[in-house]
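With positions in the sequence shown counted from 1, the corresponding number in our numbering is that position plus 1.
Hints in this document: simulated from the structure, not taken from any laboratory.
Computed spacing ranges between beta-carbons, pair by pair:
hint, residue 1, residue 2, range
1, L118, A63, 25 to 31 Å
2, P124, Q202, 48 to 54 Å
3, A82, D262, 27 to 33 Å
4, D262, V195, 38 to 44 Å
5, P151, A267, 19 to 25 Å
A virtual CB, placed ideally from N, CA and C, is assigned to each residue, including glycine.
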Amino acid sequence: MQHNLARGILLLLGTMVIIGTMDALSKLLVHDLAVGQILAVRYWMFFCVAAWMAHRSIGLGAAYASKRPWVQLIRSGILMAEMALFIQAFVYMHLGDVHAIAAAAPLLVMVMAAVFLGEQIGPHRKAAVAIGFLGVLVIIRPGSGVFGWPALLPVAATLGWATYQVLLRQVSAYDRSETTVLYTATVGLVVYSVAGLVLWQPPTAEQWLLLAGVGVMGSAGHILLVKAYEQAPASALQPYNYGLPLWAVFVGWLVFDHLPDAMTFAGGGLVIVGGLYALWRERLRRGEGLA
Numbered sequence: 002m003q004h005n006l007a008r009g010i011l012l013l014l015g016t017m018v019i020i021g022t023m024d025a026l027s028k029l030l031v032h033d034l035a036v037g038q039i040l041a042v043r044y045w046m047f048f049c050v051a052a053w054m055a056h057r058s059i060g061l062g063a064a065y066a067s068k069r070p071w072v073q074l075i076r077s078g079i080l081m082a083e084m085a086l087f088i089q090a091f092v093y094m095h096l097g098d099v100h101a102i103a104a105a106a107p108l109l110v111m112v113m114a115a116v117f118l119g120e121q122i123g124p125h126r127k128a129a130v131a132i133g134f135l136g137v138l139v140i141i142r143p144g145s146g147v148f149g150w151p152a153l154l155p156v157a158a159t160l161g162w163a164t165y166q167v168l169l170r171q172v173s174a175y176d177r178s179e180t181t182v183l184y185t186a187t188v189g190l191v192v193y194s195v196a197g198l199v200l201w202q203p204p205t206a207e208q209w210l211l212l213a214g215v216g217v218m219g220s221a222g223h224i225l226l227v228k229a230y231e232q233a234p235a236s237a238l239q240p241y242n243y244g245l246p247l248w249a250v251f252v253g254w255l256v257f258d259h260l261p262d263a264m265t266f267a268g269g270g271l272v273i274v275g276g277l278y279a280l281w282r283e284r285l286r287r288g289e290g291l292a
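Starting from the given sequences, assemble the full structure and let the hints guide the process.
Here is the structure:
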């Protein structure tokens with residue numbers, strides 16, 4: 002497929018806007034509805050989209066034929082837990098604060114890929130990881146009482162997301178993308194349908210609209226993300242993922258009238274700088290050896 006970088010960037014930025022807005026809707030809902038109920042509706046819609054895409058592409062039977070089904074199940078389970086932790090964090094923390102911590106995920110992926118996949122990290126990228134983790138500490142400020150234990154929720158969610166990404170690299174080597182997406186949707190559908198029905202509270206008309214928005218945006222975000230990576234190389238698009246924490250800050254101000262404090266801005270800046278520097282060194286790695 003011929004690449005179109007500009008189109009890929011626009012699609013990825015659109016994905017970041019959709020995800021950040023979806024998280025704002027989730028934050029509006031999670032104070033009154035259980036996380037399991039919110040994710041049940043989201044997975045119902047996501048499964049419909051995933052099943053339709055798999056059916057059109059290779060057929061449902063072929064899509065479910067994974068060469069490593071247990072890895073697919075574990076990966077999907079980790080993603081489910083990560084999503085629940087992330088949404089639960091919105092009960093206690095502001096949107097921009099949560100996303101500032103979550104921005105460290107690419108750096109965690111780098112570390113975990115080195116530990117579990119044997120990928121090598123040179124001194125420059127090790128320094129980038131240190132800068133990013135320092136930024137997370139600046140945001141959380143352990144012992145200061147600013148966030149307290151709720152800050153562990155986005156930290157755990159970020160660790161889960163990084164683990165999911167590493168496992169995703171593994172399964173992509175032997176399963177088609179349709180298989181990976183369909184397993185993700187199916188496992189979430191089964192687990193959160195049970196949890197959602199057990200915890201179900203009748204939503205108001207307004208809450209139904211918000212739930213529908215979460216479901217539609219979750220599915221639309223996934224489709225746009227896939228299309229973005231069809232249009233442009235992953236290495237060229239990675240820096241634009243940092244549009245998400247910036248958009249989350251804007252939406253947090255627009256919807257909840259909250260802006261992160263100076264320390265959170267500073268810590269988030271360190272995380273983003275560390276991540277961008279690591280990406281830059283990754284681009285140079287092929288030309289100069291270990292970076």
